[in-house]
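S.K.: Below are the chains, spelled out letter by letter.
There are 2 protein chains.
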Amino acid sequence: MEVKVMQDILGQNDAVAGALRQHLAAAGVYTLNLLGSPGAGKTSLLERTLAVLSGEMRIAVIEGDLFTTKDADRIAKTGVSVVQINTSGGCHLDAPMVEKALTDERLKIPGIDLLIIENVGNLVCPAEFDVGEDEKAVVLSVTEGNDKPMKYPLIFKESALTVINKVDLAPYTDFDVAAAREDIQTIHPGALVLPLSCRTGEGVEDWFAWLRARVKAKREGAGKDD
Amino acid sequence: MEVKVMQDILGQNDAVAGALRQHLAAAGVYTLNLLGSPGAGKTSLLERTLAVLSGEMRIAVIEGDLFTTKDADRIAKTGVSVVQINTSGGCHLDAPMVEKALTDERLKIPGIDLLIIENVGNLVCPAEFDVGEDEKAVVLSVTEGNDKPMKYPLIFKESALTVINKVDLAPYTDFDVAAAREDIQTIHPGALVLPLSCRTGEGVEDWFAWLRARVKAKREGAGKDD
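In order, the protein sequence lines correspond to chains B and C. Residues 1 to 226 (this note's numbering) make up the first sequence, in order. Residues 1 to 226 (this note's numbering) make up the second sequence, in order.
If you're looking for bench data, these hints aren't it; they were derived computationally from the structure. Be aware that one or more of the hints could be misleading.
One copy or any two copies: either way a pair holds, since identical chains are not told apart in the list.
EDC-like cross-link-like pairs, simulated, lysine to aspartate or glutamate; straight-line CA separation at most 20 Å [said to hold, decoys possible]:
id: 1; residue 1: Lys-108; residue 2: Asp-8
id: 2; residue 1: Lys-77; residue 2: Asp-147
id: 3; residue 1: Lys-218; residue 2: Glu-135
id: 4; residue 1: Lys-70; residue 2: Asp-147
id: 5; residue 1: Lys-70; residue 2: Asp-176
One chain only, chain B, in its complex shape:
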């Protein structure tokens, strides 16, 4: 019973997600679904990113949270358009929630180059739900331990990129970046792994470069003027 219902839910979700992806592709929007545990640094990474990239491209953010607008408030301070989704306790975003958020006039699609959807802080459930994104990226912080990819493999399998955040704290932990990278690339051959620190800025240029390339390719694919 539970399995059947779950299949129905995922099937309905995937249909909405597929339509969203078409809609966003037609508008030349590159869409990233940003995942990670609570406190991995997803919002901090966004703050760093918007401070630099919002001068180069048109960005919008959708923030997923159970109840509060804490993260959306942080993003709004950067001046970038942000819409909050509250899941009322739900453990992940789904495509219908994103579809509804996209009707918010603040998002102005078309007219956006990069849409980042920050999912609920959770290393399990969000990996199962397509929200119409082009790709998923996951943020793992060194303070979580390098055993996490093997313990929570689906999210690393689904993510084109793993950001290893808080490398400034690595000297105070036993986190082994090489071991984490090896595990991630065993789970997902070809996945990119970028160690960085949102606090110090170390490594963030690689992340910016990755995003710029993604947005450029999408824009060219849509025949969009620069």
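Following the hints, position chain C against chain B.
M.R.: Just chain C, lined up with the frame of chain B:
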């Protein structure tokens, strides 16, 4: 549809959990459901705890994980009886899973004073499922940020105790222990908050004392010989 199925699932779960709780109470076992994000330090806290308390009382552990036995392997090294539950990707433990684990002869109930059930690393879903425990405790690490209680309130509302772990890393973060404590006690008046470090051992005596008092009260309630 989804809501109705969820109600049915929770109803069935609660019936099994209630029977488990009676069974464990009759045997004088104090049962703790240990929750927290991936990497908050649940298993490290258990390692610290077993090293000290396994000489004073009879302890058993149930380890919940998606796929691996990494945490159960760490616990087994302490010499304490441990049974692994793999959820095959599922985001939480439920009462039927624990009921099945309790049939494992390694757990030897009755004969146990303290049963600790380490749940799947997830700050959302495990809070919704009673697994027959006496109480829940949640581990929050300072590297996750002190905004987490208000962002994930249910788990803090459900937990009698919040362990604030990794206080040795507090100087390298902007975590505000006083603010976290205030938020937790707003969500859950009367909840106990214990800052500690599994790495340095700072504060762990308060946690041991809390567990000792819980086990003693349960044993006396069951009229169990010491």
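S.K.: Now, for every hint given, state plainly whether the structure supports it.
M.R.: Here's how the hints hold up against the structure:
With identical chains, the CA atoms of Lys-108 and Asp-8 are never at most 20 Å apart, being 31 Å at best within one copy and 41 Å at best between copies. In this assembly of identical chains, the alpha carbons of Lys-77 and Asp-147 lie at most 20 Å apart only when taken from different copies (17 Å versus 35 Å within one copy). In this homomeric assembly, Lys-218 and Glu-135 come within 20 Å of each other (Cα to Cα) only inside a single copy, at 12 Å, whereas the closest approach across copies is 51 Å. Taking the closest pair of Cα atoms, Lys-70 and Asp-147 come within 20 Å of each other only across two copies (8 Å); inside a single copy the shortest separation is 29 Å, beyond that limit.
For the homomeric pair Lys-70 and Asp-176, the shortest alpha-carbon distance between copies (16 Å) is at most 20 Å, but the shortest distance inside one copy (32 Å) is not.
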